[in-house]
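To convert, count from 1 in the sequence shown and add 1; that's this note's numbering.
Hints in this document: simulated from the structure, not taken from any laboratory. There's no promise every hint is true.
Dumping the calculated DSSO-like pairs for lysine-lysine here, alpha-carbon to alpha-carbon at most 27 Å [what the hints assert, rightly or not]:
1) Lys-126 with Lys-66
2) Lys-22 with Lys-66
3) Lys-22 with Lys-35
4) Lys-145 with Lys-35
5) Lys-22 with Lys-108
6) Lys-126 with Lys-35
Ranges between beta-carbon positions, derived for each pair [to be verified]:
7) Ile-59 with Thr-5: 15 to 25 Å
8) Val-137 with Ala-18: 26 to 36 Å
9) Pro-152 with Ser-102: 33 to 43 Å
Ideal placement from N, C-alpha and C gives every residue a C-beta, glycine not left out.
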Amino acid sequence: MYTTIQEFINDWNQEAASTQKVLDALTDESLAQKVSPEDRTLAQIAWHIVTSTPEMLIEFGITVKAVEDSTTIPSAREIAETFRRVSAETSEAVQQQWTDSSLQEMKNVFGMDMPKKVTLNLLIKHIIHHRGQMTVLMRQAGLKVPGVYGPSREEWSQMGMEAPIL
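Start from the sequences, fold in the hints, and give me the full structure.
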């Protein structure tokens, strides 16, 4: 759990940068990919990451601007560009509006009382969770998946090595 705002900012910047790499790799053609007719498309998951980030921050009591026209999914490029803005605004808003000591304060979020530091942890886990879903759909759509916590299969190959199979 976070004890300082800077700890969160460090994690956010790393996870947001990894998410940005994944979003930047999307193509308009890949956005329709989904596991089954009942599941979200790659576009819906990507746009959910983008639009839910400010929505979650607002729920946490942080003043940020919601994504305009959040119900209309734009192009792959626009999804990536909007996340770039949302990510920067997230860092700025948390740094400006919360302090290290305020992380201990309780907040009712989605009907549950929790310390503010837990809400920030939820935000991080949320983008990680959906980023993982996206990478599977990207493979199914034939896209090259960028490495997140290490090299992807394609990146191992570019290094002249074979990707380990576990």
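The hints, checked one at a time:
1. Lys-126 with Lys-66: 21 Å, holds
2. Lys-22 with Lys-66: It holds: about 23 Å lies between the C-alpha atoms, which stays within 27 Å.
3. Lys-22 with Lys-35: Cα-Cα ~20 Å, so holds.
4. Lys-145 with Lys-35: 16 Å, holds
5. Lys-22 with Lys-108: 32 Å, violated
6. Lys-126 with Lys-35: Answer holds: Lys-126 to Lys-35 is near 22 Å, not above 27 Å.
7. Ile-59 with Thr-5: 15 to 25 Å: At 23 Å between Cβs, range holds.
8. Val-137 with Ala-18: 26 to 36 Å: 20 Å, violated
9. Pro-152 with Ser-102: 33 to 43 Å: 40 Å, holds
Checked against the numbered hints above, the structure breaks hints 5 and 8 and satisfies the rest.
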